[in-house]
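Student: One letter stands for each residue in the lines below.
4 protein chains.
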Amino acid sequence: MMTDTRTDRITYGDIVSVYIDDKRNFVIRLVRGGILGTDKGFIKHDHIVGKNYGEAVRTSRGIKAYILPPILVDKLKLLRRTTQVIYPKDLSFMIYLSGITPGSHVVEAGVGTGFLTLSLASFVGPRGKVYGFDINEKRIKILEEALSFLGYDDRVELWVADIRRLQIDLSGVDAVFLDIPDPWNAIQTIHRVLKPGFPAIIYVPTVNQVEKTVVALREHGGFISIHTYELLLREYDVSKGATRPQTLMIGHTGYIVYARKVICK
Amino acid sequence: MMTDTRTDRITYGDIVSVYIDDKRNFVIRLVRGGILGTDKGFIKHDHIVGKNYGEAVRTSRGIKAYILPPILVDKLKLLRRTTQVIYPKDLSFMIYLSGITPGSHVVEAGVGTGFLTLSLASFVGPRGKVYGFDINEKRIKILEEALSFLGYDDRVELWVADIRRLQIDLSGVDAVFLDIPDPWNAIQTIHRVLKPGFPAIIYVPTVNQVEKTVVALREHGGFISIHTYELLLREYDVSKGATRPQTLMIGHTGYIVYARKVICK
Amino acid sequence: MMTDTRTDRITYGDIVSVYIDDKRNFVIRLVRGGILGTDKGFIKHDHIVGKNYGEAVRTSRGIKAYILPPILVDKLKLLRRTTQVIYPKDLSFMIYLSGITPGSHVVEAGVGTGFLTLSLASFVGPRGKVYGFDINEKRIKILEEALSFLGYDDRVELWVADIRRLQIDLSGVDAVFLDIPDPWNAIQTIHRVLKPGFPAIIYVPTVNQVEKTVVALREHGGFISIHTYELLLREYDVSKGATRPQTLMIGHTGYIVYARKVICK
Amino acid sequence: MMTDTRTDRITYGDIVSVYIDDKRNFVIRLVRGGILGTDKGFIKHDHIVGKNYGEAVRTSRGIKAYILPPILVDKLKLLRRTTQVIYPKDLSFMIYLSGITPGSHVVEAGVGTGFLTLSLASFVGPRGKVYGFDINEKRIKILEEALSFLGYDDRVELWVADIRRLQIDLSGVDAVFLDIPDPWNAIQTIHRVLKPGFPAIIYVPTVNQVEKTVVALREHGGFISIHTYELLLREYDVSKGATRPQTLMIGHTGYIVYARKVICK
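Heads up: the sequence lines are chains Y, F, V and W, in that order.
Going by my numbering, 171 is the number at position 171 of the first sequence; the sequence numbering is gapless.
Going by my numbering, 8 is the number at position 8 of the second sequence; the sequence numbering is gapless.
Going by my numbering, 146 is the number at position 146 of the third sequence; the sequence numbering is gapless.
Going by my numbering, 222 is the number at position 222 of the fourth sequence; the sequence numbering is gapless.
Among the hints, a few may not be true.
Said to hold, decoys possible - With a straight-line cut-off of 30 Å between C-alpha atoms, the simulated DSS-like cross-links for lysine-lysine are:
1. F:Lys40 - F:Lys51
2. V:Lys212 - W:Lys23
3. W:Lys141 - W:Lys77
4. V:Lys23 - V:Lys212
5. F:Lys44 - Y:Lys195
6. Y:Lys195 - F:Lys64
7. F:Lys240 - V:Lys240
8. W:Lys64 - V:Lys212
9. V:Lys240 - F:Lys212
10. W:Lys138 - V:Lys64
11. W:Lys240 - V:Lys212
12. W:Lys240 - W:Lys212
Unchecked claim - Each pair of labels, with its calculated beta carbon distance range:
13. Y:Asp182 - W:Lys40: 36 to 42 Å
14. Y:Thr83 - V:Arg24: 40 to 46 Å
15. Y:Ile15 - W:Phe26: 27 to 33 Å
16. V:Thr247 - F:Thr38: 26 to 32 Å
17. Y:Asp182 - W:Asn52: 26 to 32 Å
18. F:Ile168 - Y:Ile135: 38 to 44 Å
19. W:Asp153 - F:Tyr87: 37 to 43 Å
20. F:Val160 - V:Thr247: 52 to 58 Å
Unchecked claim - Which chain V residues stay away from chain F? Per the calculated CB distances, all over 12 Å, these:
21. Tyr152
22. Ser225
23. Arg234
To be clear, the hints were calculated from the coordinates, so they are not data collected in a lab.
Beta carbons are placed, not taken as given, at the ideal position from N, Cα and C, and that holds for glycine.
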């Protein structure tokens, strides 16, 4: 049995999550003299330093703000939204289906805002590798900065490249993730880079893209166990005697297509 | 850029996934002279040995069977169902929300059939640790065998114990997962074992359990960011010109309650 | 204020619903000497005659069976399933959207098993009219018998005809309902038979049919307010302290396309 | 076969639906000199008079506006929202389950904004009757005006009264509809006013209300075939090659409880 006796005193340079309430939840890096401004008052970074995680400070208006260690869902807030993102309900299922483990090497295209890139980096760990591709140089730059800020430089390698016409010598990866408008044009590539028996996970927003992708995977002949999924997430408002789903929900994000590479002879 | 030149010749002792079609998908360990019997003919283990992953063998009736490396979703098939299981759509979201990374130490109770235990073991990796608890000794034994078979002995520690009255000295874990009938009676324990700022993820099948759990978390005072989720998964039948969701779906499995520990003063 | 003093003594010739439990719910016409056999024992029709609605009789094995007046949902059980049916969740929304009232004249094609025909007949009432079309003569015959049995001969007129090539002189109807494989080939017809401003309601099982139908409606130019809907129905298992959705649900039946005719110049 | 040769020339006093697009859809009564102002320009009522349904007029800015006959879904727009409303997806299923036909007599409480009242009035027709109750006099007044405007005075009778303590002599109705916070306190009343064998349809927003209602119905003993339903409606964005569900949807409105009265001895 383990007893963790580390002290987690927060110090300058740490990235922390500041939680006032579900709508006022900020992820910041602590700098000497820094200020976090909110509509509930401001907080001096200097007041956070020296605290332990889980403790609260007060804003200038006396409102409690808890200081939390930044876990994966917090870290997503550090990414600048340069395009439509993939939501946690889909990210989680894609990652689970992929079967990746610490140390896995994976390919991802297009990286876009990087919600999936960051999530993959978190799950493959320091000895894993995420090869990320996007045709948009600016997006790659913005994402690279955020990943570097999080200390993920070593485990993520980003390339400005078109996965559909990949020239570079890359093969034997444990999973491929695609979020591009025309995945059917990347089928050859994903078959080439995947280790035999391992899965491709493709995310597309329309039913037409699902159909074209699945038909292309079947026609290629080198994929089996082809499945298409859709996830709906409902959040509940819970209180004693008055529990019910929330009125508004996201009715649609995208579809997830799953397939495993085999060797076709 | 990486080129993987390892050869993955399959040999005796390997655990492989044998895929005939989506309904005939078996996970077996290869033994000399072994036979896999199916309603599409049998396969001799000896014929699988020497193949590479992704290649196919033929059953005695000439049907193609692909040999795949066992990834997480395959491995779940090795567990003997001793109780209601948690499905991948829920497992994946619970694990994602938890923020665990390679090396994380987590607590899980009750382990039941072990779908979550095995999934956690896969994601925390060889340097992580899953402390699993269940009051049913037989279940623990059955699960221990399966995990040992998979080589997960070092990363999983199973205990016959009641999480609600945990006597052992355990604290500072990165996440707690509960799947017990009365999580509201384990709130003290989960607060004690969690590292400050880290999350508890609770799975319950009825709305009443959701309500009691959320009320107990609020009354305890040491939890923030309390959320309740429900996921619906639809699978699609895709074919050119005739794409539609499948007729039958699982309409309900359970609800997921999420909360993060803070230090209450 | 109304007091209903009618006595509803049940007599021979009446159609009644016999309810033992949700799985043993029968709709029968009472005949002298008749017997209703069930796996919970049999019931003599003669024992039902003379009862009032809402009263119970006992089966030969002493099990209670309630005698209920047959309302719409009961009457559906009288139809012999000759093809895939439309479910109440969809029937109800289609009828609601159509705006039909007592006395409305409507067109329906194809009638199939007749769940929609019967429902429409019930809502338009004795002074309304349902013109039903199907290319399958046998289906029409089977449905005609059932409707006649229910006394709906006057309000339903069934034709063995192809709605896509309708030769007969029919126009000015208050709503058109389509459940055919290729509604896009019937757009001209439905525009011709509809009263200006009134709606067409089209039911199709695949997304591809939705797309082709909507595109055809738009290209025709004589339809506005085009909408596509999908309904999911969950049933709940309710008991004190253990309320939850049922495990299995129908994940998909079909999509509903709605459009209103305008005069295009 | 019927040919409808009526001419539907629109005249002063008519209630018409003016449709510019899905967001600009107005229901108005035409008066001499009247003006309909919209953000796409104004329309003079005088320009609408003399048109046929389905024809278009132009706004002052030259935008096309179609003149449609007001069907049920249009008429709902005439009601002033005095409280949370029941949505068409639920209204339609409640009405379908109730089995009402032209001429039915039904009880409804509380009427609230009147979406259900108006819908019931439309389906029971001129020879049917809706007895509506609400404890809020102002709401009743507002609703009465709207129903009178629509010519439904004869078929709807509204009362300022508490259904839970109904003193008036009313019985033998074909269906009872409840949308009150505590339906479990009205079980006695609904059993008294219902004709034996006929259904009660109860709408409640929370799971707790569902549970209390179902338990009360069971404990009363005079109800069978008790079911609880929930409906989810998704709307689709359809276009050639890019069809998908809309991003936002209503995730929850309420639950529908259904039960049929029997005579308990």
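Student: Compare the structure with each hint and give your call.
Tutor: Against the structure, the hints come out as follows:
| no. | hint | in the structure |
| --- | --- | --- |
| 1 | F:Lys40 - F:Lys51 | 21 Å, holds |
| 2 | V:Lys212 - W:Lys23 | 24 Å, holds |
| 3 | W:Lys141 - W:Lys77 | 17 Å, holds |
| 4 | V:Lys23 - V:Lys212 | 39 Å, violated |
| 5 | F:Lys44 - Y:Lys195 | 25 Å, holds |
| 6 | Y:Lys195 - F:Lys64 | 20 Å, holds |
| 7 | F:Lys240 - V:Lys240 | 48 Å, violated |
| 8 | W:Lys64 - V:Lys212 | 26 Å, holds |
| 9 | V:Lys240 - F:Lys212 | 13 Å, holds |
| 10 | W:Lys138 - V:Lys64 | 47 Å, violated |
| 11 | W:Lys240 - V:Lys212 | 8 Å, holds |
| 12 | W:Lys240 - W:Lys212 | 48 Å, violated |
| 13 | Y:Asp182 - W:Lys40: 36 to 42 Å | 37 Å, holds |
| 14 | Y:Thr83 - V:Arg24: 40 to 46 Å | 56 Å, violated |
| 15 | Y:Ile15 - W:Phe26: 27 to 33 Å | 53 Å, violated |
| 16 | V:Thr247 - F:Thr38: 26 to 32 Å | 28 Å, holds |
| 17 | Y:Asp182 - W:Asn52: 26 to 32 Å | 47 Å, violated |
| 18 | F:Ile168 - Y:Ile135: 38 to 44 Å | 54 Å, violated |
| 19 | W:Asp153 - F:Tyr87: 37 to 43 Å | 55 Å, violated |
| 20 | F:Val160 - V:Thr247: 52 to 58 Å | 29 Å, violated |
| 21 | Tyr152 | 30 Å, holds |
| 22 | Ser225 | 25 Å, holds |
| 23 | Arg234 | 5 Å, violated |
When each numbered hint is compared with the structure, violations occur for hints 4, 7, 10, 12, 14, 15, 17, 18, 19, 20, 23.
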